[in-house]
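Sequence order for the protein chains is A and B. With positions in the first sequence counted from 1, the corresponding number in this note's numbering is that position plus 107. With positions in the second sequence counted from 1, the corresponding number in this note's numbering is that position plus 622.
Treat the hints as calculated values from the structure; they're not laboratory data.
Under the rule of at most 27 Å between Cα atoms (straight-line distance), these lysine-lysine pairs were calculated in the DSSO-like manner:
| # | chain 1 | residue 1 | chain 2 | residue 2 |
| --- | --- | --- | --- | --- |
| 1 | A | 373 | B | 718 |
| 2 | A | 373 | B | 673 |
| 3 | B | 719 | A | 454 |
| 4 | A | 452 | B | 686 |
| 5 | B | 686 | A | 454 |
| 6 | A | 373 | B | 719 |
| 7 | B | 718 | A | 454 |
| 8 | B | 696 | A | 452 |
| 9 | B | 719 | A | 378 |
On a predicted model such as this, the values are computed, not experimentally measured, just so you know.
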Amino acid sequence: MMKISQEFAPPFKLIAPFFILGSIFFVLATLFLYTFDLATISYTNPQLIAFSHLFLLGFVMMIIFGAMAQLVPVVLEVGHFGVELFYAIWPLLLVGLLMMVYGFLDSAALLPYGGMVVLISMMIFVAEIFLTIFKVEKLTLVMSSVLISNTFLFFGIIFGLLMALSFAGTLSLNIEALLSAHVYAVLGGYIAITIMGLSIVLIPMFTLAHSFSMRPLEIAMWMMSIAVVLVIVGSLAEIEWFNYIGYFLAPIAMGIYFSLIYTLYKTRPRKENDVYALSVIFSYLSMLGSIALFAIYFLTEKENFLLAAGWLFFFGFFAFLITGHLYKIIPFLVWFERFSPLVGKQKVPMLADMVPPRASEAQLLFSSVGVLIVTAAIIAGSNEFLYAGASFLLMGSLAFVRNVFYMINFK
Amino acid sequence: MGKFTKDEIFKAISTVIDPEVGFNLVEMGLIYDASSDDEGNVKVTMTLSTKACPLHQMILQWVKEAVEKLPGVKEVDVEVVWEPAWNISMADDNVKKALGA
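Make the full structure from the sequences, and use the hints.
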């Protein structure tokens, strides 16, 4: 008989700030879209970098960190080393992020300070995860994904801080090389590998899929790791062909990972298309769309395709995978804390009862239409479409915040 | 023949609902076996739909409490096994139909 740790659900008050702040930053990132002028936008533009950090740190990382407080024991099958450390992570991440965004927009001198605060926050997170992993006796593939992704996060934030110091003029390093290393370590190394590992636990859990091979995950994870290492080394050591191999391998790794997701989709016993399932489906279709746009960029070298690919990867793939899973994770945590002690004593709600059906469908509809319109706007270079898409997204993100509070306050 | 039949124990456990899918553990096919001795000691052998179930310990507790409601029960031992691994074919037809499997 296999023993599994009981410490699977940390107190909700510890996790709630991550989800509340994350959803608010989702709205702020959407509002930020109104400040862009597509005629002048470029991937090195500080305004775009500020937006990327607002979205990635404020929404994506904030929610991943909060979710990891609950999911790490589920995945690693041991209790946290020190789950209380999460109380320090979100305030530091919040302060550091605000300083960084302001730094990018108006005061480069503030960047290293903001970067340092973010670095401390993330180092606490990485240290806590590593110390928890050390308690594991035998690493499974999914556990290895947590170890690998957090190692990349460690290096990714170091590169980020070095870049911030260079941006502020304290150091004089090759910012472009550091940017490549930072982006690949964090996006490919941390976020993508984290998603690969966690999704293979969560999606079968919610869809009841079973009897599938983990081989595609193994291949995808290692291929992505090699791609990230190649881009980091290629950028820092200025070996250009390393970068190109990395650029080539990363989307192939995502494609192989997608093949496993598709297998889960085709063989899932639970076929209902609730807001969770639809969000996840939109997310993966966005990922495929993003890879196609990256390919077009490499063929045409037109930057708007690169920006559209990045947009679809962020707001389509990351955002919908996260919002979809929050419709499962938040009800579970609230239910666990509020209703599980009442089981057998009185009628308790099912987890699905805690998700507002119409408002969640509205969020999904507005957000998905918004993402598609903004993608088209970036490709066409149309500000009018951009702001129209932003309006849809704003409605969607506001609905999302409302839904988060609805689920948290469900009684 | 023990104090309780397998059906009696299964019926007691059928009051335990999985809050995620909304079906009871028996109709989900998660309860593999149940038996009791003459003194009322009950042994339940079950599985879960995933090893990473965050409700693992809680579900075991619910099963134990459900069986303890049978009159005359002494000890309840709930064992979780992973072989054979659960799959949807083990669920009742009404579950399969409702899930769309």
